[in-house]
Amino acid sequence: MNILAAVGVDNPPLDWHALAPELVLVGLLAVLLLVDAFGGERSRWAMPSLTGIGLLAALIPVATLAYDGVVRSMFDGAYVVDNYALLFKALFLIAGYVVVLLSTNYIAEGDYWEGEYYQLLVASLLGMTVMASARDLISVFLALELLSIPAYMLAAWRKRDLGSEEAGMKYYLMGVFASAILLYGMSLLYGMTGSTLLVDIAGAIEGTEVPALVALAVVLVVVGFAFKVSAVPFHTWAPDTYQGAPTPVTAFLAVGSKAAGFVALMTVVLIAFPTQPRIFEPLIWALAAVTMIVGNLIALRQTNLVRMLAYSGVAQAGYILAPLAVAGVSGASAAMAVEAVSTYLVIYAAMNLGAFAVVIAVARKTGSAEIDSYGGLFSYSPVLAVCMSVFLFSLAGIPPLAGWYGKLTIFLALIEPGTLAGYILAVIVGLASVIALFYYARVAKVMFVDPAPDGDTTPIRVPMSLAAALTITVAVTLVVGVLPQVLARVTGAETFLSIGG
Amino acid sequence: MLLAQQLTESADILEVANTGSFWNILTFVVFTPLVGALVLLAIPKANQQALKVVALGTTLVAAGLGVVILTQFDFGDASAKQLGANIGWIEVINSRYIVGIDGISLPLLMLTLLIMPLVVIYSWNHIPSPGNPKAFFALQMVLMTGMLGSFVALDLILFFVFFEVVLLPMYFLIGVWGGEQRQYASIKFFLYTLFGSALMLVAFLALYFLSDEVLTPSGNVMHSFDMTLLPALATGISAGAALWIFGGMFIGFGVKVPMFPFHTWLPDAHTQAPTVGSVILAAVLLKLGTYGFMRIAIPILPDAAKSWAPVIGILAVIGIIYGALCCLAQTDMKRLIAFSSVAHMGFTMLAISTLTDFGFNAALFGMVAHGLITGMLFFLAGSTKERYHTLEIKRLGGLLKQAPHMGWIMGLAVMASLGLPGLAGFWGEFPAILSAYDPAEGLNVALFRTLMVIAAVGTVLAAGYLLWLYQRVAFGTPSAEFENDPNIVDVTTTEWIAWTPLIVLIVVLGMVPGILFNVTNPAVGVALSAIGA
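As they're listed, the protein sequences go chains A and B.
Residues in the first sequence are numbered consecutively from 1, following the numbering used here.
Residues in the second sequence are numbered consecutively from 502, following the numbering used here.
Misleading hints may appear alongside valid ones.
To be verified - With a Cα cut of at most 35 Å, we get these calculated DSBU-like pairs of lysine-lysine:
{"#": "1", "chain 1": "B", "residue 1": "Lys546", "chain 2": "A", "residue 2": "Lys365"}
{"#": "2", "chain 1": "A", "residue 1": "Lys365", "chain 2": "B", "residue 2": "Lys689"}
{"#": "3", "chain 1": "A", "residue 1": "Lys365", "chain 2": "B", "residue 2": "Lys553"}
Because the hints were derived from the structure by calculation, they are not lab data.
On a predicted model such as this, the values are computed, not experimentally measured, just so you know.
Isolated chain A (complex conformation) (with noise of 0.2 Å):
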């Protein structure tokens, strides 16, 4: 009853139609377990064509809900399906696409358990495409829990290597101390509000008595999350495990784990937190600024392009940051961080997916992913060498490639309140895309100028899945790099960030 009051009469209490995403990668999972079961060995080719084709046809509900429009809201508005949750869902499964094909040779020749992996994957995209919807303390942590335990194991997919072992581990201890923290923050705001909806902590901390404790919970909620995004200083697990870990985990972690992440981080500031601005705008403007400076200083000093790739993406983290230091400002300030902080993600996931398409690739002659290595590339293999630098002077924010609209979003919503911090923050963010252009200059100086290293200048060969991959992430870089509309039409949607209920 209580629920039937709460979502209108036209809701059924479960509604099939929202939770179809989910329910097809439910199915999805039980199809990957069946076939892995009595296919046998036989069977194996098959895993990335069905999980493939599985994600593709999860993203059909996710299309008919947005077609759709109806905000869907579920168990008293815990669980709500809007376009702010669609944009991401399709995101996820997207990238995850774009990650199966990364894995489809990789995984084949490195003979490492494809059955599980796959599984794996899609259990772990199931967590994130749940993460979009989860408007509420326990589905929040639930969708987490969820895509994080199996992204442990992935990590450590290469079990003969002692890199891989250690790059699982230590993503593993990081990420359970990081849950604990989270959970500590939840069951103070819990133990104050005595509900776990977002919404209604937003309430009934507004006009609290112990702004101590409230301090407390948002601090520990927010550094919790940091831990996630890889965020200064709780950054330090992600350049070992990003190393370590086999490339197109590597590529997963990078993209759709953080991008869950930040998500989690946004909802739940964004809707719990927008009266506590006091409180969350210094801490995340002081995240923010440290993570872009200190990740991109850090990265200026790599030899390894997947280890610099990841200090990259530690400094990304912190332009994504960066919008919500200045949320609380107003109504509008939020929306404008909440559009910016989207549309970076959805850019930064064709970029960096695109750059890891092409580690993949060269590391498939050269066996290595030190910036040396790709001494020549140009000359031998001329489409990855431009493709990359696309990816990479597209993560530096150079137009006409999409980066630059990302970047411009990140601006447009720290200039909008026309607070000082706000200006501040911006400049930070435009002197730490200069430091970042140095390095990723760097690379492509490698490849266009310098010679191969061994002198063996014989063609790449890209196999058709890294192809298609590599097709897909050039094409949204180079597409909303000079039609910005078309992902803003998206982003911008009026009813964005809706909080259900």
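Dock chain B against chain A, hints included.
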């Protein structure tokens, strides 16, 4: 009461309408090179002849479109933004595809359209090491789109995008085809410019949010990036905020000009760039900075411009003297020409800082003249390097004996550069100095007259270092090491074709400066209307 207020407000609000279509002549001219670049990518690397023909054809088609623009441009109404369009682009932030040209942008657009075919012709037999004409020409085509787009864009974000599109191809042109220190020079160029444009973008966005709103064609009330509307929309910005915003643009454009003390990237970039890179850099890229001041910073924030004018003027004059002194100390011909650019752009900036239409006209003339003359000098430096394999001034000499035509052309370019009356350089330099005699109302007259005197001393220094350069390179007898070098030949056919238009224009503009002043003058008046000069 409130309702009435809203009504009057809504009556005041500017309405923006869609005009023109995307498929207009300016779009064609801007994107022709990009199409050319795509065609180049489709041609196999080995077919060098086809690559050259396509590159040349592309630039010639663009130049042909430029001629069409000249015939369609209404010179009687050169102050109006013409031939363009105003249609939606990024609707969520009301950034629009607004293009158009007036008397300020037309000369620079034409300069670009002239230089690029010459650059391709010059490259015909001069593809620098490590070769690869496909990438070399494709980058030049992308660069061309960026430059042309910057001069026709009338929306701040659109301008920013084109302004930045220029960076990547230039970075690669210097970094791949440059001299020995190319890595250092190319990254320095890139970082400096990006630093400037990051602050510039922040300034643009602050301007956007602080200025008044307009009614968009889709019926929303939003802020605007429209350069033609912003002078009216930005009047409500507080003086303090305007100063900061101008400061951000000042750094962005100042780095590009380059103004002292942001100039240090320029000598390195010029010295290390391949010849055509230097030519493009000197002839067109530097103008993006001065153009930005004249098109964006000063018309939109006239009051802040008045406060900043003394700073700009002083830095400009420091640039003139400092550039000249550096020239006197250089031992490398290309580096000397690069520093002379700092000095020459100093004259242009001094003229701009007076905020008078006299000064703006002088600045525009100076920009075009500097583009032609310094472009010519860099061509000559490139050809000298090719013949002598060095640009060390000490080792050169006797050019007039070994290659008389080339020696005479260099003589002409040097004379033009030092501002000899009758050649184009004079009309950039002399009025620039003169304009400082009578700066805009509200500026410190004593200060500007002092600057004028110092700038005049700068011309003497310019004559000094240029004539001294010419004397050492062209006069005398060839040194023993080059005396019988079969490499040293006179001007070749491709060089003649590439250079003749520049030589002709340097002379024609010097004799009949009116053809340029008549175009710029009306437009300059509009740009300065808010100053009241």
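Here's how the hints hold up against the structure:
no.: 1; hint: B:Lys546 <-> A:Lys365; verdict: holds (24 Å)
no.: 2; hint: A:Lys365 <-> B:Lys689; verdict: holds (33 Å)
no.: 3; hint: A:Lys365 <-> B:Lys553; verdict: holds (34 Å)
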